[in-house]
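Engineer: Following the hints, put chain B in place on chain A, whose structure we already have.
These are the residues of each chain, in order.
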Amino acid sequence: MKTKYLPVIVSGFGAGVIAIVPFLNSMACCLVIPAAAYLSLFLDVKLNHTPPFMISAGKGALFGLLTGLIAALFATGFDIFVTLITRSNELMQAIGQLPNILSGLPLDVKIKEEIMTVFESLRKDIMDDGFSALYTVLIFMNNLISFTIFGLVGGLIGSQIIKSQNKRAG
Amino acid sequence: MKNDQKVKTTLVVFGIFWLLIILTNHIVHIIPEAVKLFPFSYLLTSTVCHMETEKLLFIADLPTMTCARCTGIYFGAFITSISILFISKTIVAKFRLLIFTSIFMLADVLACNLGIYKYSHPIAFTTGLFFGSVIFLYFYDGLIELIVNKN
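Heads up: the protein sequence lines correspond to chains A and B, in order.
Heads up, the first sequence is in the numbering used here, so the first residue is 1 and it goes up one at a time.
Heads up, the second sequence is in the numbering used here, so the first residue is 171 and it goes up one at a time.
None of these hints come from the bench; they were simulated from the model.
Worth double-checking, as some hints may not be accurate.
Calculated cross-link-like contacts (lysine-lysine; reagent style DSS-like; alpha-carbon spacing at most 25 Å) [as the list claims (entries may be wrong)]:
| # | chain 1 | residue 1 | chain 2 | residue 2 |
| --- | --- | --- | --- | --- |
| 1 | B | Lys264 | A | Lys59 |
| 2 | A | Lys59 | B | Lys176 |
| 3 | B | Lys259 | B | Lys176 |
| 4 | A | Lys112 | B | Lys206 |
| 5 | B | Lys172 | B | Lys259 |
| 6 | B | Lys225 | A | Lys112 |
| 7 | A | Lys59 | A | Lys46 |
| 8 | B | Lys288 | B | Lys225 |
| 9 | A | Lys110 | A | Lys124 |
| 10 | A | Lys112 | A | Lys124 |
| 11 | B | Lys206 | A | Lys110 |
| 12 | A | Lys46 | B | Lys264 |
Keep in mind that this is a model prediction, so the values were computed, not measured.
Chain A on its own, in the form it takes in the complex (with noise of 0.2 Å):
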């Protein structure tokens, strides 16, 4: 079996996890997916043994944004999933508070109302049949983006890391 990239699939599939725990997932974007991005570098090392001054600012980047990626597409199909068996998730929960987050916001009235609306249909769709296409998306872009920008840090970061651990250690 090749291995080249199991290590981003491993570390990705374990933050995509992570990432929809309640109280972890509010560290995931920050804490998580470079931890992970780092991980799936960490791994590299010891599953392909490869060299750790091998390990290149580029290849850390690649490694991170591919477990950002990976990290997304599981967070999105787990959170998808726990929606439709319970028909809540923590947007769900968040709405209920809109009308006070949007009051403090400098928007114009029928803006607002706006967004009520289309936020009251996304909670009437999962609360009926627990799936929205609105939510699928905005969680999608939502996890794509901010996953891909913190694994590829995460990764250039880690890949430093590593070297200056090789470094301490050689």
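Structural biologist: Showing chain B alone in chain A's frame:
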């Protein structure tokens, strides 16, 4: 201008831009016309921070767009970016320092979430500040290797 100096300058410019995004509420307070930038700032910051209202940092009675910890991380990274721009001597990121600042920040995150003590804005900001200033050095090294020393 050498390539690494260009990277350093770009990072400082990007840092200023990012800090202005974080301080959108303050800018809108000074220049009311800047309110049009608010949705853009909100979109950008909402992808990188949970933006929980009670965790936002208040400066001059106005909230920042990111929480106290994230503001600290970005501010710390900005301070380091300015430092490396003006200090010609190479600053080497010490792994021990990264571990120390990470533990310091994670301990605060865990203590707050486990209810050992209440979320403190100064502590969250300070732990973020130290972590951000150290982690930026690794990010900078990676970027230099990626852009300047790729061969």
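Engineer: Run every hint past the structure and note whether it holds.
Structural biologist: Here is how each hint holds up against the structure:
no. : hint                  : result
1   : B:Lys264 <-> A:Lys59  : holds (22 Å)
2   : A:Lys59 <-> B:Lys176  : holds (23 Å)
3   : B:Lys259 <-> B:Lys176 : holds (16 Å)
4   : A:Lys112 <-> B:Lys206 : holds (15 Å)
5   : B:Lys172 <-> B:Lys259 : holds (15 Å)
6   : B:Lys225 <-> A:Lys112 : holds (24 Å)
7   : A:Lys59 <-> A:Lys46   : holds (15 Å)
8   : B:Lys288 <-> B:Lys225 : holds (11 Å)
9   : A:Lys110 <-> A:Lys124 : holds (21 Å)
10  : A:Lys112 <-> A:Lys124 : holds (18 Å)
11  : B:Lys206 <-> A:Lys110 : holds (16 Å)
12  : A:Lys46 <-> B:Lys264  : holds (23 Å)
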